[in-house]
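Build the full structure now, drawing on both the sequences and the hints.
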Amino acid sequence: MAAENRPLLPKNAPFGTTDAIESLTSSPKNVDEWKPSKRLRWVQIATWANIFLSGFDTTIALSTYAVIGSEFDAANQVSWISTAYLITATAFQPLYGSFSDILGRRDCFVASISLFLSGTTLCGLASSMWMLNIGRGMAGIGGGGLFTMATIILSDMVPFHKRGFYQAANNTVYGFGTACGASIGGLLASKLGWRFGFLFQIPICLFGIVIGYVLIPQNNSKLFPEQARSERVDNRERLKRLDILGAGNLIIGLAMLLAALNMGGNVVPWNSIRVIGFFVASTIFLCSFLLVETNMAQYPIIPMRMLRGRVAVVSIFLNVFAGMAVYSYMFLIPLFFQAVLLESPANVGVRLILPSIMFPIGGFVSGWIMSRWNLLAHLVRTGTVIVAAGCALAMIFNEKTSYWEYFACLLPVNFGQGLVYPSSLFLMLAGFTQKDQAIATSTVYLFRNVGSVMGVAIGSAIVQNALLKKLSASLADVPDAEKIIHAVRHSVEAICDISLEYRSVVITCYLDSLRYGFAACTFFAALAFLSSFFGKNSIQNR
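Letter 26 of the sequence shown, counting from 1, is numbered 26 in full-length UniProt numbering, and no numbers are missing.
To be clear, the hints were calculated from the coordinates, so they are not data collected in a lab.
From a predicted model like this one, the values you see are computed outputs, not experimental measurements.
Take every hint as true, because none was put in to throw you off.
Just the calculated beta-carbon pair ranges, DEER-fashion:
| no. | residue 1 | residue 2 | range |
| --- | --- | --- | --- |
| 1 | M131 | W404 | 34 to 42 angstroms |
| 2 | Y299 | K35 | 33 to 41 angstroms |
| 3 | N271 | M131 | 24 to 32 angstroms |
When the alpha-carbon atoms are kept at most 20 angstroms apart in a straight line, the in silico EDC-like pairs for lysine to aspartate or glutamate are as follows:
| no. | residue 1 | residue 2 |
| --- | --- | --- |
| 4 | K469 | D480 |
| 5 | K470 | E482 |
| 6 | K483 | D497 |
Yeah, the Cβ is synthetic: ideal placement off N, Cα and C, and Gly gets one too.
As structure tokens, then:
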């Protein structure tokens with residue numbers, strides 16, 4: 001028993017942090033006596049709304065972007081539907097931990113889902129591709145906090161040794177969301193129009209806002225009353241500690257990089273002054289981000305010490321390459337079914353239901369193996385091999401491939417993703433002590449998201465550049481070649497309007513171009529596999 005004159009929490013325990021929570025919830029007595037309250041169950045439902053939306057939004061965008069591009073006559077720019085969201089989500093996600101410590105859990109939870117709601121509503125009402133992309137960027141600002149705030153809130157309310165079950169439940173809800181996004185989203189896009197895929201999310205957002213505002217604690221004052229009182233006094237000072245300059249440099253740097261990758265060879269030549277200018281600007285802002293994090297930020301988004309050492313470097317490269325492989329593949333698969341097989345969004349959505357469910361299944365398998373044998377590096381290697389195999393199998397797709405062959409080939413990537421993502425996270429955590437766990441986790445998510453953004457942009461650029469070259473060569477002697485090429489690159493649905501004489505030629509060009517994209521996905525997965533050989537194999541005993 002602790003002495004009566006010794007405080008239960010150390011005086012320097014930061015309010016709302018993992019270390020402070022650990023002090024209260026990690027003792028065996030508290031763990032044995034802890035029971036989930038009715039309030040926690042309702043709070044969990046509110047956080048599940050966030051997590052469901054996070055998964056749903058991922059696949060609804062992927063299953064409908066071809067139709068959206070066709071309506072706005074901008075099929076060659078549809079990658080921005082995903083990348084506009086990913087850029088802002090990537091940049092703002094690491095900030096939610098600091099914001100929630102300063103402004104309170106409830107306010108940040110409500111703010112994240114409200115921003116997501118505003119952006120999603122704007123997407124549903126968009127009258128142009130620019131308006132849609134602005135809405136996606138706004139949704140990304142909130143979307144970066146959907147899963148993050150759910151994790152933070154449950155960490156506050158659930159003892160450390162009980163969180164495994166809740167994390168598994170979160171993964172299941174996320175998988176259910178991705179499956180619904182693929183099926184319901186595709187069906188809505190086909191029957192009612194793609195806008196309803198976004199508007200469908202509004203009631204779920206409103207439900208999460210109401211339940212969250214009523215039941216989620218604003219802060220941890222019930223757990224840490226003395227810290228809570230002191231933090232109310234110092235909130236203005238603490239606001240100054242937020243790394244706004246670093247976040248701004250990161251957002252602009254990533255936006256410039258993505259703009260260059262999307263424009264190069266697609267809208268303008270690679271040696272265009274605009275493309276070169278974007279690359280130069282991206283380099284300047286990203287270097288400025290590193291300088292800010294190193295020398296200026298009091299509480300940096302990524303402390304530079306987290307990027308030193310073999311474990312950190314390996315984990316960063318591993319997560320970047322894994323994100324590139326998985327997201328570029330997820331971006332290209334719906335395009336294959338719509339451009340090559342000429343299927344409707346509803347049919348594409350049906351094809352993606354079971355593959356989406358394989359991600360949480362892989363996550364459960366990964367968690368079970370880690371809890372029993374700690375085989376982190378082996379899990380990562382196995383997962384990346386499975387992802388690479390799935391990407392490679394997509395290269396053999398053609399118009400004559402049977403339905404069941406498509407089905408079997410779509411499963412490996414999502415299952416491999418479920419193995420890689422949890423194990424690669426713990427591979428990073430294994431290299432740091434408990435006090436650095438939260439920052440290490442944010443670092444993994446940040447670089448994984450950066451890889452996702454780059455993967456979508458590079459995959460789209462490869463396909464669009466290859467398609468332009470192949471169409472130009474194959475239709476060189478056709479009188480209306482330029483008109484056909486312009487129509488096909490700006491609208492997938494235009495393929496159905498082409499005369500049968502040239503339609504097969506266009507489909508073949510699309511198929512060959514997509515194979516280049518799938519080859520790039522395979523290459524990214526192979527790089528992730530090679531990176532895993534430099535990582536540790538088990539979690540340190542702490």
